[in-house]
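These protein sequence lines are chains A and B, in that order.
Numbering follows this note's numbering, in which position 310 of the first sequence is assigned residue number 310; successive positions increment by one, without gaps.
Numbering follows this note's numbering, in which position 261 of the second sequence is assigned residue number 261; successive positions increment by one, without gaps.
Hints were generated in silico from the structure; no laboratory data involved.
Quick caveat, the model's predicted, so the values are computed rather than measured.
Heads up, the beta-carbon is just placed ideally off N, CA and C, and yes, glycines get one too.
Take these hints with a grain of salt, some might be off.
[Claimed, not checked] Only pairs whose alpha carbons sit at most 16 angstroms apart, straight line, appear in this in silico EDC-like list of lysine to aspartate or glutamate:
1) B/Lys349 to B/Glu430
2) B/Lys96 to B/Glu430
3) B/Lys96 to B/Glu130
4) A/Lys117 to B/Glu346
5) A/Lys115 to B/Asp146
6) A/Lys115 to A/Glu491
[To be verified] Covered stretches of chain B, as calculated for chain A (at least 3 residues, CB under 8 angstroms):
7) 66-76
8) 371-384
9) 420-433
10) 461-471
What follows is each chain in one-letter form.
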Amino acid sequence: MEQVMNNSLGFPILSTLIFLPIAGAALLLLINRSKEDLTKWVSLGISIITFMASLLLFTNFDKTTHLMQFTEKLAWIPQWNMNYSLGLDGISVLFVLLSTLITILCILISWNSIKMKVKEFYISLLFLEGAMIGVFCSLDFMLFYIFWEAMLIPMYLLIGVWGGPNRIYAAVKFFLYTLVGSVLMLVGIIVLYYYAGRTFDILELMTKPYPYQMQLVLFWAFFAAFAVKVPMFPVHTWLPDAHTEAPTAGSVVLAAVLIKMGAYGFLRFSMPILPEASKAMTPVMIGLSVIAIIYGGIICLAQTDLKRLIAYSSVSHMGFVTLGIFALNTQGMEGGILQMINHGIVTGALFLSVGAIYDRTHTRQIADYGGVASVMPVFATMFMVFTFAAIGLPATNGFIGEFLIILGGFAASQLAGVLATTGIIIGAGYMLWLYQRVFFMETNPKVSGLKDIDAREIMALLPMVILIFWIGVYPDTFLGYMHASVSHLLERVNTGSGPAIAAAGNVVEILK
Amino acid sequence: MQFVMPDLSPVMPEIVLTLLALFILMADLVIKRKETIALMSIISVGIVAYLLSGSLGTTFNGMYVSDGYSTFFKLIFIVNVILTVLISVKYIEVEKVNFGEYYSLILFSTLGMMLMASAGDLIVLYLGLELMALSTYVLAGFIRYDVRSNEAAMKYLLLGAFASAFLLYGTSMIYGLTGTTDIRAISDYIVKNGLASNPVLTLSIMLFAVAFSFKIAAVPFHMWAPDVYEGAPTSITAFMSVGPKAAGFAVLGRVFMVAFGSVKVEWAAVLVPIAILTMGVGNIVALSQTNIKRMLAYSSIAHAGYMLLGIIAGTTDGMASVLNYMLIYGFMNMGAFAVVIMLRSEGFKGDQISDYEGLSKTHPMAAALMLVFMFSLTGIPPTAGFMGKFYIFMSAINAGYTWLVIIAVIFSAISAYFYLRIVMYMYMKEPKETVQLSTSNGLSLALAIAVIAVLAIGVLPASVVNFARIAVAGF
């Protein structure tokens, strides 16, 4: 059993973060349906309080240790040895912050665009926030699974109720893909539970050795859940539909947080619990990542729909993330984690921007735009920042992440490194071309006379701009959080299970 | 020969229920307000529930066993009666079949179930089963001016009679082999004489499996279920989808786990294909249904398939998971049927899935409740349906049936499609016509009980799980 650190704050901060939004959702239930403004203000207030509370994590996090921090543990279902066990380490802490920030922005951007079933919308969004934070904080595998699955309900509704014309198809596809993957993981979890001596405790599961064959089977069982979520090639096909049809807030949450959970799952579960299998499977994972990078990029070039293009660019970017993670070295893994945050910020920002302009024109076709820069100069400037960050221009966050990943990728496999670099070139191609077609060229009559973004929209986009440059110029603020945890994880993966090593050590002793 | 009065305390709840049911039957002649009868039946089962706690024991030379196992099932039956009565009051008025016999038949049927749960002897088992079945046949055809209801009753009667015949064949076969109908004595005889692969034993196991499969609506003996569920009054459909199914599982568990406990391998080989078929047919055929009662019928078939996994596991943990699931299933299924009933109003059938279009706009509360029940039936946390399935899968994997669980989870994922279709109709489509809801206090209370139970057990299942485990500890 690994050690954990006691909660350094005087109160259960993680439970507060999880249940504040859920309690907020319950509170919204009580508000009269006709008071839409009150509903919005209450949900905005709750999301801001949650974000403020989550900043305590940022300031009180001890960066020098890989141990779990802010831990809480309560017996939940003692018959199954299932515990309500929460904690954060350097890998998960940033995601919690990302989730709380993104929720505020989602509420801001949806302020005027959601006109029907307003109450249900904000209830779904807040419930989703609670479940997302729960996913990143869980230290019990079943607790994790429950939050992971519970997220499906609000997300299904977000896409299906407030989405675009083809929303029902997209919602069902999203739900079924994710569910099939998850239930296979569930079987894997139960098998692991019995093998490890009836425990769901992640820290305990990490310390046990498992036979190699079993590790392989479990690796693929977990892969089913995590790869669908990332999404990795070839199970990525739900993503373009879901992203495209979801309302702006849904796309943003999906892009910024939900799909990170797949990669997070690899880091939190597959690698430390199944180190040998993860190591053995790196060629496959790197191969799939490289395919995703290039394939996703090329498909972007052919898109005529704004949101669909950004959706496919996510496939490509998440390919970078998985490449970095499975490079199994410090640069790659830290780059991968940072790139997840970056992608959350950049793609989130891109979807927010597309949402802002969609609210004005109600079209997502690239051909309907052109010359937007001349009518919406502020918006065009911000979008340019996001475009550059997506491409990975130096001084933006994208550069740091991709640079680290490619550095790590080269160390793992030169071929993968070279191929991934071509992905960046393709990325520059489609993003710049997109920018050109939308913002430059002749002003399309459909966009002439559009109002530039207002204060509310600037409020939603500005934090992203700041973060892009902050990470781009001084990434150590964020990388600093993960050093200890990443090196600990890599040690575990690269040396195999602890007891197995100890056993080998004993054999050597005897031989001497 | 001296006559010794048998100990009546274990059977006291049933005796009291018999008297109360008869009393209600008589009282119906003088009481004009049928709501009073409904209230009386709820009070009756309340009294029975109170008596249950002091009834533990065995009597009539082991023919009647009142243990934790039977008590747990009896509580399910009682919850089932309470919820059924609550959702019936307004409904049978709408259907114009507001007769007092309705309630006494429900009580008699429940009495039969209680006898089944406590049966320590195959003859008692048969008596209970017939009492339950005969009352339910009448209830299924209770809307006597409706052809579909008549058809349902007829079909149920004919196929049920076959099932009873199979049960009697099995019983006589086992009597011929072992010379006894006592469940414990059968087990002892099989162990003592090493009858493990005796063909007569195998045959009688198969006959029992067929008979019980009829009662729990397992494939390929499920043919009656969709038609009967569709034709019967909706409140009775709800009642049948929980009560007789639970009773079927009660006897299935007791006969297979106790009487045939030593030849687990043989009956597992019979039940495994039945379970796979049940999950498969139930979930896949449900995909194409347009009538919600039919859809819920196939869904209830599928749920029987999941529960069979717990029996197949053949451990006390497996049994506990079945008990746990049955209770949870009772709440979520009753809740779903309560919403279905709410849509039925004067001159509007409301049993087509398309009737749910845009319900969230016209009746947001009803839609939200249905949403919870649909997600629970799918088995998505944080609802109780997830905890129920999870326990079953866990015990089956522990018994070495990982491959079977993989099949089950895949089917469970498929089931998401048709449950979510209801959600989709309610939330993602526009209402075509204004649906009038027929609500009543009883219905609201039933819905409140069901939704609170589904969410509470989903978030904090520890006490229910513990209760189920204690209940099977004596096995």
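Here's how the hints hold up against the structure:
no., hint, verdict
1, B/Lys349 to B/Glu430, "violated (19 angstroms)"
2, B/Lys96 to B/Glu430, "violated (32 angstroms)"
3, B/Lys96 to B/Glu130, "violated (28 angstroms)"
4, A/Lys117 to B/Glu346, "violated (29 angstroms)"
5, A/Lys115 to B/Asp146, "violated (45 angstroms)"
6, A/Lys115 to A/Glu491, "violated (51 angstroms)"
7, 66-76, "violated (count 0)"
8, 371-384, "holds (count 4)"
9, 420-433, "holds (count 5)"
10, 461-471, "holds (count 5)"
Checked against the numbered hints above, the structure violates hints 1, 2, 3, 4, 5, 6, 7; every other hint is satisfied.
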